[in-house]
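Asker: Protein chains in written order, with my numbering: chain B, 1 to 205; chain C, 1 to 665; chain S, 1 to 250; chain F, 1 to 221.
Honestly, I wouldn't trust all of these hints.
Calculated pairs, PhoX-like style, for lysine-lysine (alpha carbon to alpha carbon, straight line, at most 25 Å) [unchecked claim]:
| id | chain 1 | residue 1 | chain 2 | residue 2 |
| --- | --- | --- | --- | --- |
| 1 | S | LYS37 | F | LYS183 |
| 2 | B | LYS125 | C | LYS500 |
| 3 | C | LYS437 | C | LYS388 |
| 4 | B | LYS98 | C | LYS500 |
| 5 | F | LYS183 | B | LYS125 |
| 6 | S | LYS37 | S | LYS25 |
| 7 | C | LYS388 | C | LYS358 |
| 8 | B | LYS98 | C | LYS503 |
| 9 | C | LYS502 | B | LYS98 |
| 10 | C | LYS437 | C | LYS500 |
| 11 | F | LYS183 | F | LYS121 |
| 12 | C | LYS502 | C | LYS437 |
Chain B stretches covered by chain S per the calculated footprint, using a threshold of three residues with CB under 8 Å from any CB of chain S [as the list claims (entries may be wrong)]:
| id | region |
| --- | --- |
| 13 | 43-57 |
| 14 | 82-95 |
| 15 | 161-172 |
| 16 | 189-196 |
Which residues of chain C face chain F? A few of them, derived with a C-beta cut under 7 Å, are [unchecked claim]:
| id | residue |
| --- | --- |
| 17 | ILE406 |
| 18 | ALA408 |
| 19 | GLY451 |
| 20 | PRO591 |
| 21 | PRO595 |
| 22 | SER630 |
| 23 | ALA631 |
| 24 | LEU634 |
| 25 | SER635 |
Since the hints were made in silico from the structure, they are not lab data.
No residue lacks a Cβ here, since even glycine has one placed at the ideal position from N, Cα and C.
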Amino acid sequence: MKIVNIVIAIAAGLIVLLGYFFNSPGLHELRSPLLDWAVTLSGIAGLVAILNLVFGVHLKRLRENHPKKGFSVVILISFAVTLIAGVFLSPASEGFQKLVTRVQVPIESSLMAVLAITLVLAALKILQRHRNWMGFVFFLSVIFFLVLNSGVLAFTSEIPFLRDILSGLHQIPVAGARGILLGIALGSLATGIRVLIGTDRPYNG
Amino acid sequence: MADIRCLICNRVNDSSAEHCWYCNTILPKPTGPLTQKEREKLANLKKKIAGAPNPDPEPHGDAPQKTPPESPAEEEVPDWLARIRRLKQAEDQGPTSGKPDWIEEEQPDWLAKLSQPAAEDTPNPHDAANRVAESKKPALDESLRIRNLPRETDEEQEFITNLLKPTPPIGEEDSANSSNGQLEPLQEDRVDDQSGQEFPAPEGPNDEDFLDVEDLLSDKENVRSDQKTVQESEQVLSVPTGKDLPFPLFVDNLPDWLSTEETETKQPQDTGDNEDDFAGEIPERKIEKGRLPAWLQSLRPGVTGSIEKISSETAQVREDDGVLAGIAGTLPGTDLSGRVLKTGDFTQELRVSAAQQKNAELFQSLLQPTREPKAVSADQNTAAPSEKLLRLFITILILLAVITPILAPGISAIIPVLFPTEVVNTLGTVQTLPTEKPVLVSAHFEAGLAGELNWASQPVLKHLVTRGVPLALTSTNVVGFAILQDMVTQAISGDPAYAKDKKVMDLGYLPGGAIGMGALVNDPLGTLPFTTDLQPVREHPSLGSLNSLSDFGALIILTDNPEFARTWVEQVDGGEADLPLLAVVSAQAAPLLHPYFASGQINGYVAGMSGALYYEMLTMRAGSATARFSAYQLSLLLVAVLIFAGGVVSLILAAPRPAKKKEAG
Amino acid sequence: MTAERMLGFVVVLFTAAGIGFFSLKQIRAQFPALIRKIPPIARLKRAIGLSVEDGSRVHVSLGSPGLTEPASTSALVGLSTLHRVGQLSSTSDQPPVCTSGEGIFALLSKDVLRGVAVETNTYESYDPDQGWLTGITPFSYALGAMEVISDPIVKTNILVGNFGAEAALLSSAAERRQTFTLAASHSLVGQAIFLATSRDVLLGEELYALPAYLNYRPAHLASLRVQDILRFIVGAALLAGTLLRALGVL
Amino acid sequence: MRINSEVIWLVISFILTLMVFSYLLGDNAFFRFASGLLIGVAAGYFTVVIIYQVLITRLVVPLMQGSTLTLVPLFLSGLLLLKLSPRLSQLGSPAMALLVGVGAAVAVGGTVLGTLFGQVKGALSFFDPIAGASGSMALRIVEGIIFLVGTLATLAYFHFGARERRKGEGRRRLATISVVLGKVFIAITLGAVFAGVLTAAITALIERSDFIITTIMSMVR
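Let the sequences and hints guide you as you build the complete structure.
Answerer: Shown next, in the form of structure tokens:
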């Protein structure tokens with residue numbers, strides 16, 4: 001069984017990968033259904049994981065009288081109500097979309113708002129956590145870009161010298177970001193290749 | 001050399017044999033010439049034997065005890081073998097020696113034979129009649145004699161049990177233990193404490209020469225006998241010392257605590273006087289209490305009540321009622337009514353010393369089952385009170401900085417005069433879009449940043465609506481397209497001339513992330529064939545003629561994740577689609593999107609609230625951004641100051657204190 | 001086939017060949033790899049050891065990367081880390097637990113945990129619900145993962161995968177419980193938040209080196225060597241390209 | 001104010017916002033209720049959208065239209081459903097293998113063509129021929145040097161290989177400089193991104209506060 005899985009993973013991966021570099025029609029014929037199936041299956045995998053979350057984790061907590069049972073009850077009820085409403089009203093209906101815009105958006109936006117204060121509290125201790133050069137530069141950079149974002153330095157755009165300094169300073173995060181993204185690309189490339197040559201096999205457990 | 005007799009089953013084996021042929025027991029080695037030391041010992045022993053009275057008193061009226069003829073090899077025979085031979089001869093002289101006469105006279109033959117020790121291996125030619133009787137006896141006796149036979153089957157065991165349940169008349173018990181100074185292996189039934197089943201104790205060999213100390217001990221422990229006269233259950237039987245035992249061989253096997261039990265050899269004194277003493281011939285002496293190991297001592301059942309003294313009647317009783325009424329000479333029925341049989345109450349209670357109790361508790365605490373998961377709040381407050389105060393103080397400060405400008409709109413902010421090029425380019429691109437070509441708006445943001453993106457995108461969407469440009473909405477994450485539809489509805493609300501159902505097409509969720517985007521670039525209608533209410537897109541008036549992405553007027557990306565902006569850039573570049581690319585992003589994505597604008601891959605972008613403010617100022621249409629910019633600016637500056645103060649305090653706290661060190665030094 | 005795609009194909013072939021070559025036993029024996037120290041990973045190894053000793057649990061969280069996004073490789077690294085942590089803590093009586101915000105990676109984490117249980121003969125203590133999806137959107141996933149982080153039995157958190165702004169919720173919940181947390185994210189937003197809120201952070205490419213530093217498999221160490229070579233090539237290309245571009249040749 | 005569905009939804013949003021804001025005072029039952037509600041609603045909404053936009057549009061409709069090729073994803077989807085039962089979950093591994101293989105390929109393809117070449121091209125595009133450069137010449141050169149040094153130093157910082165060093169022997173000078181520069185550029189970049197996140201969070205705080213205040217005022221009026 002394990003060998004079959006490895007063969008499927010490597011074959012499907014190579015067909016899709018070669019499609020990026022070679023434009024042959026035959027390859028395209030093979031590649032597009034694989035991509036289409038992958039899109040469909042990743043949606044179904046999300047569905048299966050949600051069913052496991054609802055029935056495998058939270059319903060089991062109710063049966064086992066878990067101390068956090070109340071939390072699970074709220075999740076199960078809200079899931080059931082949303083599912084029933086969605087099936088009857090269909091995702092395009094305004095009423096059903098209110099569940100997202102009037103329930104999910106307020107809660108997540110408020111969470112993001114609460115994060116503002118949490119992040120400020122965490123930022124106070126940057127120099128306690130990272131007592132080195134990097135921590136100190138990070139600390140100064142946060143303060144500088146906060147002031148820059150607030151727009152109070154807008155007056156500098158009228159003074160050429162200051163404008164150039166600011167423009168130069170604007171380039172530093174971009175240069176750093178490129179370096180970091182290039183590094184991440186190399187790591188991501190190596191990880192993907194390991195899966196395609198069969199060294200990493202998370203599907204086989 | 002004479003053959004070697006097996007000590008266990010008393011059978012004669014060939015001298016060369018090491019193990020008994022019958023019962024596989026190790027045979028005592030034939031002795032070589034005596035060493036000097038052994039000769040002296042033998043001599044001392046002889047003096048003793050010559051001086052001592054005859055240890056085996058003449059049984060009443062029985063044939064005189066013959067001393068076994070000394071065989072020539074005796075001088076060299078070690079004392080233990082010599083003693084065995086002597087005892088053997090004593091036994092040969094009187095098979096029923098040691099048994100009170102009255103048992104023999106009245107006892108029917110079958111009972112006499114049963115209680116006869118099965119030692120008689122060597123056929124006694126004189127007793128032919130007995131031999132015939134014995135041959136009729138079931139093979140049972142054989143199994144009795146051979147001790148180490150493999151266990152009988154259950155039926156045989158039961159058969160043996162029934163047979164072996166003699167009911168010796170009262171008093172017989174005493175004499176059984178008496179006379180020859182050796183304890184006969186008691187026929188007792190050991191009660192298995194747990195199951196309450198009765199099964200015969202492992203038969204000691206009937207050869208009185210051998211005393212199995214374990215049995216003795218177990219006798220002492222678990223004795224339950226109907227007629228036993230015990231003064232005190234704790235009286236310890238005299239455990240013959242290693243010296244008395246004929247076979248030192250076994251002494252060595254004894255556990256230390258037993259073998260050191262009785263060291264000095266006590267000459268059995270003939271008391272003879274106190275009939276009632278237990279074990280008659282065993283001299284009455286104060287027996288030192290056995291020093292048992294702590295674990296055994298604690299395991300010993302607490303004696304909850306002394307076994308009542310059972311008085312025994314020794315008078316002859318003629319049965320006057322019951323089945324045997326009127327017949328003389330019957331075995332007296334035991335009068336059960338008077339007897340109270342109370343077994344030693346085997347309490348399960350362990351007597352545990354304080355130290356043991358402490359150890360047990362220690363183990364208990366160590367093996368405590370894993371803690372049940374307690375419902376612990378996510379904010380398990382391990383923070384100190386000062387931390388809470390600081391948290392409260394900063395929360396209040398920031399809320400004040402946010403709410404005050406909202407409640408008092410008079411507070412003005414520093415409004416920038418020049419506008420960033422990315423915003424200006426975005427305005428220019430939207431201004432020049434053809435009104436008949438639809439604009440594809442693709443969203444990928446979480447509900448958490450919907451508020452900020454709503455404020456940032458409203459000016460752009462209102463601008464498109466006022467120009468009457470048709471919109472096609474899609475999103476690459478599930479939540480995105482519901483929020484996007486709400487934003488467009490809000491943007492249209494200010495312009496009644498814009499017909500939403502004609503101008504806006506909701507293509508719904510585009511699954512597959514980068515794959516979906518790639519597919520959309522190459523074949524929009526094939527990738528998104530239906531609207532969210534399952535209407536075919538091909539039949540839509542303005543979208544029906546789409547073949548590729550280039551047929552769209554522009555692509556506007558709404559995202560909080562710079563990765564997605566980059567993925568769209570790569571797909572559009574890769575697909576060689578020729579259409580303007582604009583982005584409305586959150587403030588957190590701005591620093592990472594700027595390089596794509598700088599390199600011309602994106603025509604322009606609006607980032608966060610400040611971007612929206614610039615766009616509103618350029619279109620001279622005040623919106624939420626203009627209204628709330630002062631709160632935005634004030635709170636950002638306050639946060640910057642707070643972080644700076646926090647950093648300075650951290651540096652001060654962390655700074656080494658040279659001054660103090662000097663004083664201390 | 002454009003030059004760029006041809007070059008891309010060469011890069012992929014070079015990487016695959018490099019990983020295979022440096023994984024060979026003779027090469028490893030002859031040229032043993034010497035890699036720099038990363039203090040947060042050293043502290044992680046110690047924390048895993050302490051967790052095994054005091055019978056507490058290790059919590060691995062993969063974030064919510066989409067399968068078809070470039071960030072999905074960070075979750076694959078998270079799964080390799082989960083497998084290695086499962087092996088390291090097989091003597092503990094509390095197997096690791098794994099949370100994620102993407103359906104497919106939740107199912108893959110179940111397979112990985114079952115594989116570890118079979119491999120280390122601890123199948124009787126394997127619970128199929130040790131790996132699960134705590135929420136389908138990033139914020140709902142973070143709220144569900146906060147419940148696991150606040151469980152008193154969890155003493156070590158490894159946040160390896162793709163995180164956005166919800167990273168702040170996870171790291172502040174972990175800091176409030178004073179538990180050891182190693183945080184690494186594919187996205188720059190997650191890295192910036194972890195750097196501000198956690199002590200032990202892996203930046204940028206260090207996330208992809210985690211399995212190699214936990215000596216998971218030879219191929220991971222070989223990957224680091226290939227990445228170093230590619231790094232050198234990209235740097236040289238940048239320098240050469242810049243000079244040529246500045247001189248107007250390119 | 002006429003009681004209609006919009007008002008009801010407004011009140012619900014108002015209450016949920018206050019429940020989440022109560023977390024500032026410490027974890028409490030209100031916050032956990034809102035958390036549970038979010039997890040349940042999000043999961044339910046995702047399930048409905050997947051049923052409509054993936055199951056129906058990509059499996060059911062093509063099957064009804066007679067596409068036999070769609071039987072393969074249908075079969076693989078069935079295998080995925082077996083993952084729900086611990087005993088049969090191994091039968092679902094072929095579908096997982098396909099997903100992982102395709103996912104890895106998309107990641108590698110996107111990384112090489114999109115990120116690796118995209119970033120290198122982007123870095124090079126910064127140095128358009130000097131003659132055509134806009135803005136002051138000196139500034140462009142300075143920015144270009146800053147840009148190049150920053151990218152290379154950051155890239156070099158992540159170098160994993162180390163050199164055997166004798167006791168007391170320090171790092172080579174060039175390596176030391178590149179590591180220090182790399183750290184500075186990384187710290188500045190992450191500082192800018194963190195400031196961006198703070199800005200977005202504060203904007204969300206302003207937006208939610210504005211919503212609470214306007215709702216209270218509309219209720220009062």
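Asker: Going straight from one Cα to the other, do LYS98/B and LYS503/C come out at no more than 25 Å?
Answerer: Holds: LYS98/B and LYS503/C sit about 22 Å apart, inside 25 Å.
Asker: Between LYS388/C and LYS358/C, does the CA-CA distance stay at or below 25 Å?
Answerer: violated, 42 Å
Asker: Can PRO591/C be said to touch chain F, with a Cβ gap under 7 Å?
Answerer: holds, 5 Å
Asker: In terms of beta carbon proximity below 8 Å, does the region 189-196 of chain B have 3 or more residues touching chain S?
Answerer: Check passed, 8 qualifying residues.
Asker: Within a Cα-Cα threshold of 25 Å, do LYS502/C and LYS98/B meet the stated pairing?
Answerer: holds, 22 Å
Asker: Under the criterion of a CB-CB separation shorter than 7 Å, is ILE406/C in contact with chain F as hinted?
Answerer: With a minimum Cβ separation of about 6 Å from chain F (threshold 7 Å), the hint on ILE406/C holds.
Asker: Is LYS437/C within 25 Å of LYS388/C, Cα to Cα?
Answerer: Violated: LYS437/C and LYS388/C sit about 57 Å apart, past 25 Å.
Asker: For the pair supplied as a hint, LYS37/S and LYS183/F, confirm whether the alpha-carbon distance does not exceed 25 Å.
Answerer: Status holds; Cα separation ~16 Å.
Asker: Taking 7 Å as the limit, does the beta-carbon of ALA408/C come near enough to a beta-carbon in chain F?
Answerer: violated, 12 Å
Asker: Has the given pair, LYS37/S with LYS25/S, been kept, meaning a C-alpha gap of at most 25 Å?
Answerer: Within the cut-off at roughly 23 Å; holds.
Asker: Closer than 7 Å between Cβ atoms is the bar; does ALA631/C clear it against chain F? Give me holds or violated.
Answerer: holds, 5 Å
Asker: For the pair we were handed, LYS183/F and LYS125/B, check the Cα-Cα distance against 25 Å.
Answerer: holds, 19 Å
Violated hints, in rising order: 2, 3, 7, 14, 15, 18, 22 and 24; the structure is consistent with all others.
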